[in-house]
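The residues making up each chain are set out below.
There are 2 protein chains.
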Amino acid sequence: MVNVDKFIEKAIQQIKDEINGPAIIALSGGVDSSVCAVLAQKALGELLTPIYIDTGLMRKGETQRIKEIFGYMNLLTINSKERFLNALKGLTDPEEKRMAVGEAFIRVFEEEAKELNARYLIQGTIYPDRIESEGGIKSHHNVGGLPSVVDFDSIVEPISELYKDEVREVAQALGLPKEIFSRMPFPGPGLSVRIIGEVTQDKVDVVREANAIVEEELLEPFKPWQTFAAIIGKGTGVKGDQRIHGWIIAVRAVESRDGMTAGPMELPWNVLNKIESRITSEIPDVARVVYDITPKPPATIEFE
Amino acid sequence: MVNVDKFIEKAIQQIKDEINGPAIIALSGGVDSSVCAVLAQKALGELLTPIYIDTGLMRKGETQRIKEIFGYMNLLTINSKERFLNALKGLTDPEEKRMAVGEAFIRVFEEEAKELNARYLIQGTIYPDRIESEGGIKSHHNVGGLPSVVDFDSIVEPISELYKDEVREVAQALGLPKEIFSRMPFPGPGLSVRIIGEVTQDKVDVVREANAIVEEELLEPFKPWQTFAAIIGKGTGVKGDQRIHGWIIAVRAVESRDGMTAGPMELPWNVLNKIESRITSEIPDVARVVYDITPKPPATIEFE
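The listed protein sequences derive, respectively, from chains R and E.
Heads up: the first sequence is residues 0 to 303, going by numbering that gives the first Met the number 0.
Heads up: the second sequence is residues 0 to 303, going by numbering that gives the first Met the number 0.
One or more hints might be untrue.
[What the hints assert, rightly or not] Here are the simulated DSSO-like pairs of lysine-lysine, each with C-alpha atoms no more than 30 Å apart in a straight line:
| hint | chain 1 | residue 1 | chain 2 | residue 2 |
| --- | --- | --- | --- | --- |
| 1 | R | Lys295 | E | Lys273 |
| 2 | R | Lys238 | E | Lys273 |
| 3 | R | Lys273 | E | Lys273 |
| 4 | E | Lys238 | R | Lys295 |
| 5 | E | Lys295 | R | Lys88 |
| 6 | R | Lys222 | E | Lys273 |
| 7 | E | Lys295 | R | Lys238 |
| 8 | R | Lys202 | E | Lys41 |
| 9 | R | Lys295 | E | Lys88 |
[To be verified] Derived list of chain E stretches under chain R, where covered just means 3 residues or more per stretch with a C-beta under 8 Å from a C-beta of chain R:
| hint | stretch |
| --- | --- |
| 10 | 225-237 |
| 11 | 244-256 |
[Unchecked claim] Not the full set, but computed from the structure, chain R residues with beta-carbon under 8 Å of chain E:
| hint | residue |
| --- | --- |
| 12 | Ile77 |
| 13 | Ser153 |
| 14 | Ile154 |
| 15 | Ile195 |
| 16 | Gly234 |
| 17 | Val288 |
| 18 | Lys295 |
For the record, the hints were derived by calculation from the structure and aren't laboratory data.
Don't be surprised by glycine CBs; every beta carbon is placed ideally from N, CA and C.
Next up, chain R with everything else stripped away, as it sits in the complex:
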């Protein structure tokens, strides 16, 4: 990308050239889909319907903020919490879980696409997504890559040549709020990839709270590429004089240029101690907090 303003101008023109009817985009609130939604909105106006699916796997307060930020658009929000939880029931394999979320997502999305008679699909695929998809590393990062039963006239990917930092520049130039343009990547399957083993409402609630604490403590002061909490199992602990069996929460905070490789952040111990103390005292049934010290590779950024 040579110049942000020129890129924006060209992208809007390209969308105008390629799209001549009702268009939809899955708006997750991530920087990629947000940028595409704004570009498409500028190009298409009311022809565009951004669809936000509340999977129940979103972060704390996220759905509310999406409505506030994108409410000026022709935004459609769908509450599908039960559907996703049911789709995940009994699944423990990470691939099966991703597939289940991906399939539920595409099914909901297609139902809406049909109802709207959408002829065009806009996707926020970026350059590293395409590279990683080829290696099979991401089996479902966003809608792209899943087979669609809706026969769109075409699929438009306005930012498919950009790296993440370039997308952030575009987002800022488009006037999106800081929480969007500096927002960390958040995977399509949401909190389900931060739960090892079966996804249950209990675990989602715990990991959502832990995640909020980690973001509060780390986002502003340390500006990680990505930071979050995951549930990785149960272990023993002590409360009062009693032995308990509580959740083990992993904290992840990484530096990266493009998400393709990443290194764990070397955080000050007082910060790690505060996070540990907040998580174990504010969230019931958490017995232990660990900090992920593995780069990518050999680990992925998310736990799955």
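Since chain R is already given, all that's left is putting chain E on it; use the hints.
Frame of chain R; chain E shown alone:
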């Protein structure tokens, strides 16, 4: 304990006074049972048979070293690896696992006790064990506390008034090698408490190797109260261009006075990075390494 030499003298005299026939002790190689074995050997000579049960859940090289250090005694070593693995088959609950190991242990031990016509049992119970047993925190730390079908004339606990650091002083005064007197606590159920979920031969092999690496990197330079590796589940990773599903290893290193409370050590990042790198490169199928940042309480030291 006022004075080490006086304590030793008194303890040996007490054992002589209380024991008038064949006596046994379960020698694990931990500082507690080692000190008791040496005290009892001094008091009883050939009347004492220290019994070392190789559960297959021991650390790397441990069985060999026990034979070298205690070979001058009337030492009996029993290979019971298959028996313990079978006893643990299918169990995932930490309490059930501890109980299974404890029961297998006591059964093997009793068989030997009967064969030897042992009339006296010597145990390495220390003061914090007694306190914690009352709160139900340790359901099986050593042989003590499990019901015995062998009707001993009496059970003698020569160090039941001592704290851990006092036991170490006694061990040193008794001339035991440094690897014993400065040895970390290692729980009765061995590596099985460092495996979350079912114990399998695969997991035992992985955790044993990871444990050896952690000890090599941390024991001498940092002198932790206790340090080890545990397997806490499986997560995703990347090797080459391929997505893999590998073990998650947790590293634990704590400071403590007596094991009743403990704090995570604030290790230098280059040390944590080296441990991570060695574990993921030297052990196949490990995708991720995390460092436990939780004090006891609310976590226990071991993972279970």
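Now the hints, each set against the structure:
| no. | hint | in the structure |
| --- | --- | --- |
| 1 | Lys295/R <-> Lys273/E | 15 Å, holds |
| 2 | Lys238/R <-> Lys273/E | 34 Å, violated |
| 3 | Lys273/R <-> Lys273/E | 25 Å, holds |
| 4 | Lys238/E <-> Lys295/R | 9 Å, holds |
| 5 | Lys295/E <-> Lys88/R | 34 Å, violated |
| 6 | Lys222/R <-> Lys273/E | 25 Å, holds |
| 7 | Lys295/E <-> Lys238/R | 9 Å, holds |
| 8 | Lys202/R <-> Lys41/E | 56 Å, violated |
| 9 | Lys295/R <-> Lys88/E | 34 Å, violated |
| 10 | 225-237 | holds (count 7) |
| 11 | 244-256 | holds (count 5) |
| 12 | Ile77 | 28 Å, violated |
| 13 | Ser153 | 30 Å, violated |
| 14 | Ile154 | 25 Å, violated |
| 15 | Ile195 | 5 Å, holds |
| 16 | Gly234 | 5 Å, holds |
| 17 | Val288 | 5 Å, holds |
| 18 | Lys295 | 6 Å, holds |
The structure shown violates the earlier hints numbered 2, 5, 8, 9, 12, 13, 14.
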